[in-house]
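If you're matching them up, the sequences are chains A and B in order. Under the working numbering, the first residue of the first sequence is numbered 9, with each subsequent residue one higher. Under the working numbering, the first residue of the second sequence is numbered 640, with each subsequent residue one higher.
The hints are simulated quantities; they were obtained by calculation from the structure and are not laboratory data. There may be inaccurate statements among the hints.
What the hints assert, rightly or not - Mimicking SDA-like on lysine to any residue, the simulated pairs with C-alpha atoms at most 20 angstroms apart in a straight line are:
id, chain 1, residue 1, chain 2, residue 2
1, A, 176, B, 804
2, A, 176, A, 189
3, A, 176, B, 811
4, A, 176, A, 197
5, B, 711, B, 656
6, A, 176, B, 815
7, A, 176, A, 190
8, B, 711, B, 789
9, A, 176, B, 789
10, A, 176, B, 658
11, A, 176, A, 204
12, A, 176, B, 801
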Amino acid sequence: MTEEEGFEGHGKHQRHGAHEGPGTPAADGGTAAGHGRVADGDAQGAEPGSDARGPGEPGPPANGGTHRNGGMDGHGDSDTAGNGATGRSEDPGDGRPADPGTGGDGSARGPAGPVTGAEGPGGAGRAPRIPTPRSSVEDSGMPLPDPSPVTAPPVSPPALVLEHRVLKSLLGAWALAACSAEETAAVEAHLGDCGPCADEARRLRQAVGLLQRPESLDLDPALRTRVLQSCLDRRPPRIPVPDWVAPFDAEAARLDALLQDIGDSEWHAPVRLRWFDGTGPTSRRTTVAGVIAHLLSVDGLVAVALGLDDPLGSVNGEEGTPEGRTEAYWRASHFPPTRSVRGPWREQSHNLVRTLSFTGGDTGTPTVSYGGFGLSLRDAMLDRAFECWVHAEDIANAIDYPYEPPAPRHLNSMIDLGARLLPAMLAARRQAGLAAPGRTRHLVPAGEPGRTLRLEIEGSGGGEWLIALDSPGAVASAEHEVAHVALDGVEFCRLAAGHVPPEEAAAGQVGDREAIRDVLFAAASLSRM
Amino acid sequence: MAKKDAPPRWDRRMQQRLARGEAAALGECYDRFASLVHGLAHRVLGDEEAADGITREVFVHVWEHPESYDPKQVPLRSWIAMLTHRLAVQRLHAAGTAALAQGGQGTPEDLERRVRQASIAARADFIVTSMPVPLRAALERAYFQRRDYRQTAVDLDIEEEEARRRLRLGLQLLSTAHEAAPSGVPPEAGEAW
Numbered sequence: 009m010t011e012e013e014g015f016e017g018h019g020k021h022q023r024h025g026a027h028e029g030p031g032t033p034a035a036d037g038g039t040a041a042g043h044g045r046v047a048d049g050d051a052q053g054a055e056p057g058s059d060a061r062g063p064g065e066p067g068p069p070a071n072g073g074t075h076r077n078g079g080m081d082g083h084g085d086s087d088t089a090g091n092g093a094t095g096r097s098e099d100p101g102d103g104r105p106a107d108p109g110t111g112g113d114g115s116a117r118g119p120a121g122p123v124t125g126a127e128g129p130g131g132a133g134r135a136p137r138i139p140t141p142r143s144s145v146e147d148s149g150m151p152l153p154d155p156s157p158v159t160a161p162p163v164s165p166p167a168l169v170l171e172h173r174v175l176k177s178l179l180g181a182w183a184l185a186a187c188s189a190e191e192t193a194a195v196e197a198h199l200g201d202c203g204p205c206a207d208e209a210r211r212l213r214q215a216v217g218l219l220q221r222p223e224s225l226d227l228d229p230a231l232r233t234r235v236l237q238s239c240l241d242r243r244p245p246r247i248p249v250p251d252w253v254a255p256f257d258a259e260a261a262r263l264d265a266l267l268q269d270i271g272d273s274e275w276h277a278p279v280r281l282r283w284f285d286g287t288g289p290t291s292r293r294t295t296v297a298g299v300i301a302h303l304l305s306v307d308g309l310v311a312v313a314l315g316l317d318d319p320l321g322s323v324n325g326e327e328g329t330p331e332g333r334t335e336a337y338w339r340a341s342h343f344p345p346t347r348s349v350r351g352p353w354r355e356q357s358h359n360l361v362r363t364l365s366f367t368g369g370d371t372g373t374p375t376v377s378y379g380g381f382g383l384s385l386r387d388a389m390l391d392r393a394f395e396c397w398v399h400a401e402d403i404a405n406a407i408d409y410p411y412e413p414p415a416p417r418h419l420n421s422m423i424d425l426g427a428r429l430l431p432a433m434l435a436a437r438r439q440a441g442l443a444a445p446g447r448t449r450h451l452v453p454a455g456e457p458g459r460t461l462r463l464e465i466e467g468s469g470g471g472e473w474l475i476a477l478d479s480p481g482a483v484a485s486a487e488h489e490v491a492h493v494a495l496d497g498v499e500f501c502r503l504a505a506g507h508v509p510p511e512e513a514a515a516g517q518v519g520d521r522e523a524i525r526d527v528l529f530a531a532a533s534l535s536r537m
Numbered sequence: 640m641a642k643k644d645a646p647p648r649w650d651r652r653m654q655q656r657l658a659r660g661e662a663a664a665l666g667e668c669y670d671r672f673a674s675l676v677h678g679l680a681h682r683v684l685g686d687e688e689a690a691d692g693i694t695r696e697v698f699v700h701v702w703e704h705p706e707s708y709d710p711k712q713v714p715l716r717s718w719i720a721m722l723t724h725r726l727a728v729q730r731l732h733a734a735g736t737a738a739l740a741q742g743g744q745g746t747p748e749d750l751e752r753r754v755r756q757a758s759i760a761a762r763a764d765f766i767v768t769s770m771p772v773p774l775r776a777a778l779e780r781a782y783f784q785r786r787d788y789r790q791t792a793v794d795l796d797i798e799e800e801e802a803r804r805r806l807r808l809g810l811q812l813l814s815t816a817h818e819a820a821p822s823g824v825p826p827e828a829g830e831a832w
C-alpha cells in the first residue's frame with residue numbers, strides 16, 4: 009500500500025515517464041571511459057552523448073559504467089552479461105570483455121543487436137566533455153539525432169579539484185547523471201586513477217539500469233474475490249467472514265485500491281457530498297481526504313457498537329448522527345484532512361471485518377445507533393458497504409477515474425436493505441406531514457396485509473420487492489398491489505443515495521401515482537451525508 | 640497503514656491468524672501484498688493473465704501453508720516476494736522450455752538468459768520498493784524527475800552532501816540485485832536473494 013508512495017508517478021502507465029533523450033547528461037555520463045553509443049548501432053565508442061538512457065526505455069544507461077580501469081577485465085564479463093540482462097535486450101551479452109569503448113552492451117537498446125567488435129577508440133576519448141543540457145527529446149518518438157562526430161571536445165571547463173572523499177560521495181549522483189559538468193569531469197578523471205572508485209562506479213551505473221517505473225498498481229478488483237475464493241475452496245476457513253460482511257469487505261478493498269493509485273494533490277481535490285434532506289437536494293463541500301474522514305467517522309458507529317475504539321476519541325459527535333460525527337471530526341482537526349486519514353480508515357475497516365467474523369451471526373447482536381434511529385449489525389454493515397461505494401464513486405468522479413458498481417450479489421443485498429427500510433421511512437415521512445396520509449383511517453394492524461407497491465429492479469443484482477405502504481408492521485402482499493415501479497438497480501441506489509431527484513428517477517410506473525411518489529421520495533430520504 | 644516499518648509483531652500475528660484459519664486475515668494479507676505480488680509477477684512474466692495466475696498461486700500457498708513462514712527468519716513481505724519470485728520464474732522457465740520443445744525459436748541459453756534477466760529485474764523492483772523511503776525519494780527525484788543532486792537536496796530539504804549520500808547508497812542497495820543466484824531453476828535457487 010504505502011510502499012509505492014515514494015514514487016509519485018503512481019503511474020497507471022509505468023512505462024518510462026521522462027527519460028533521457030539522446031545527448032542528455034545521463035547519456036554521456038560515462039564518457040571518459042568512453043562507453044560506446046548503443047543507440048544507433050554506431051559502435052564508435054568514446055562518444056560524447058552516447059545515449060545511455062534511450063528514448064522508450066526506462067533508461068538503463070546501457071552499460072555505461074564500464075570504466076576502462078575498473079578491473080573490468082577481471083570480472084567484468086559475467087557482470088556485464090548480467091547487466092545486459094537488465095536491459096531487456098536481445099544482446100547476447102556474450103561475455104566478451106566489457107572493454108571500454110565497446111558499445112556498452114547494447115542493453116538499453118533492445119534488438120539493435122550486439123555491438124560487439126566495437127573496440128572503439130575508447131581509450132582515446134579521455135577528454136572531459138560538457139554534457140549537453142537536459143533537453144527533453146524523450147518520448148517524442150523522434151529519431152535520435154546523430155551524435156556529433158568525434159571531433160575535439162568543446163571547451164573544457166576548468167578542471168575541478170576535489171578530494172577523494174568528495175569524489176567518492178559523488179559516485180551515485182554521477183551514475184545518475186545528476187551532478188554538474190565540472191563534477192562529472194572530475195569524477196571521470198578520478199576513475200582513471202582509482203581502482204576501487206572505478207569499480208564502484210561501474211556497479212552503480214549498472215544499478216541505474218535496473219531502475220524502472222513501478223508496475224502499474226491497477227489490480228482488477230474482481231481478482232481479489234477470485235483469489236480469496238480459490239484459497240477458501242482449497243482450505244475452508246475455521247473463522248469465515250460472514251456473508252453479510254462480505255459486501256463491506258469488498259467495497260472497502262475497492263476503495264482502498266482506488267486510493268492507492270491517487271497522488272498527493274488528488275487527496276485535496278474538491279468533492280461535493282450530495283444527499284436529499286427530506287424535501288430537496290442538499291450538499292456539503294469537502295475534499296477526497298474529507299470523504300475518507302467522513303467514512304471513518306461513520307463506520308465508527310459500528311466500531312463503537314462492537315466495543316472497538318471510537319475514531320472520534322473524546323471528540324463529541326453531536327447526537328451521534330452520521331452528520332454530527334463527521335462535522336465534529338472535521339472540526340476537531342486544525343488542518344484539513346490529508347492522505348494520512350487513509351491508514352486509520354483502512355485499519356478500522358479491517359478491524360470491523362475481523363471482529364464481526366468472531367461475533368458471527370449471533371442473534372443477540374447489538375443495535376447500531378445512528379442517532380435518530382438504529383440498525384441491526386447486519387443492516388448497518390450493508391449500509392456501510394453502500395456508503396463506501398457511493399462515496400468511492402464521489403471520489404472517482406472528482407478525480408476523473410472510472411469506478412464500477414459493486415458485484416451483483418452485493419448490489420442485491422444493498423437494494424434489499426433499501427427496500428426493507430422503505431416502509432419505516434414512509435411512516436416517518438407521513439408523520440412529519442411529508443407524505444400523503446394512509447388510505448385507511450386506522451393503521452393496518454401489524455401482521456395484516458396492506459396496500460402494496462411492487463418494486464421491480466432491473467439489471468444484475470436486481471429482483472422484486474413488495475413494499476408495504478400503510479405501515480411498517482403491515483404485510484406486503486401481491487394481492488394488495490396498488491402500484492408497480494420498475495427501475496435499474498444502480499439507478500435505484502443513486503436515488504437512495506440522494507444523487508437522483510425522486511421526480512426524475514423511475515423508469516416505468518403503473519398505478520397509484522401518489523403511492524409511487526411517496527415511495528420514490530422515501531427512497532431519496534434514505535440518503536444522508 | 641504505516642507498513643513501511645511494520646513491526647515483526649504484525650508478521651507474527653498475521654501468521655498466527657492465517658494458521659488459525661481466519662478468513663479475514665487472508666483478506667488483510669491480500670490487501671497488503673497483492674500489488675507487490677502482482678507487480679513482481681508481471682515484471683517477470685510480462686503478462687497480465689499470467690501475473691493473475693501467480694497471484695492466486697502465491698496466496699493459495701500462503702493460506703494453505705502459513706506454517707512454512709517463519710517470522711523469525713525474514714519479514715513476511717520479503718518471504719512473500721521470494722515466493723512470488725520463485726513461482727514466477729518457474730513459470731517463465733516452464734513456458735520457455737515448452738516453447739523450445741515445440742520447436743520455438745532460440746536456444747536453451749537464450750532462455751536461461753531471459754529468465755535471468757527477468758529475475759534480476761524483479762529483484763531490483765523489490766529492492767526499490769523495500770528500501771528506506773528517504774533513499775527511494777532521492778532516487779525518484781534524480782532519476783525519474785531528472786533533478787540533479789543539488790535540486791534533489793532542495794526538494795527534499797536536506798544538505799547536498801546528504802543527497803549525494805542517499806543517491807549513492809540507494810544505488811548500492813540496488814546493485815545487489817545482481818548478486819543473487821542467477822537462474823530460476825532449481826526452485827529453491829530463488830531463496831538466495
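The hints, checked one at a time:
With a C-alpha separation of about 10 angstroms, the suggested pairing of residue 176 (chain A) with residue 804 (chain B) holds against the 20 angstroms cut-off. Simply put, residue 176 (chain A) and residue 189 (chain A) have alpha-carbon atoms about 16 angstroms apart, close enough for the 20 angstroms limit, and the pair holds. Restraint check: the Cα-Cα separation between residue 176 (chain A) and residue 811 (chain B) comes to about 13 angstroms, which is no more than 20 angstroms; the hinted pair holds. For the given pair, residue 176 (chain A) sits about 12 angstroms from residue 197 (chain A) by alpha-carbon distance, which is consistent with the 20 angstroms threshold.
Proposed proximity of residue 711 (chain B) and residue 656 (chain B) is supported: the alpha carbons are some 16 angstroms apart, at most 20 angstroms. Distance check on the hinted pair: residue 176 (chain A) and residue 815 (chain B) sit about 19 angstroms apart at the alpha-carbon level, within 20 angstroms; holds. Taking the CA atoms of residue 176 (chain A) and residue 190 (chain A), the gap is near 15 angstroms; set against the 20 angstroms cutoff, the hint holds. Restraint check for residue 711 (chain B) and residue 789 (chain B): the C-alpha separation of about 41 angstroms exceeds 20 angstroms, so the hint is violated.
Our distance criterion of 20 angstroms between C-alpha atoms is met by residue 176 (chain A) and residue 789 (chain B), whose separation comes to about 16 angstroms. With a C-alpha separation of about 49 angstroms, the suggested pair residue 176 (chain A) and residue 658 (chain B) falls outside the 20 angstroms cut-off, and the hint is violated. Restraint check: the Cα-Cα separation between residue 176 (chain A) and residue 204 (chain A) comes to about 10 angstroms, which is no more than 20 angstroms; the hinted pair holds. With a C-alpha separation of about 13 angstroms, the suggested pair residue 176 (chain A) and residue 801 (chain B) falls inside the 20 angstroms cut-off, and the hint holds.
Of the hints listed earlier, those the structure fails to meet are numbers 8, 10, in rising order.
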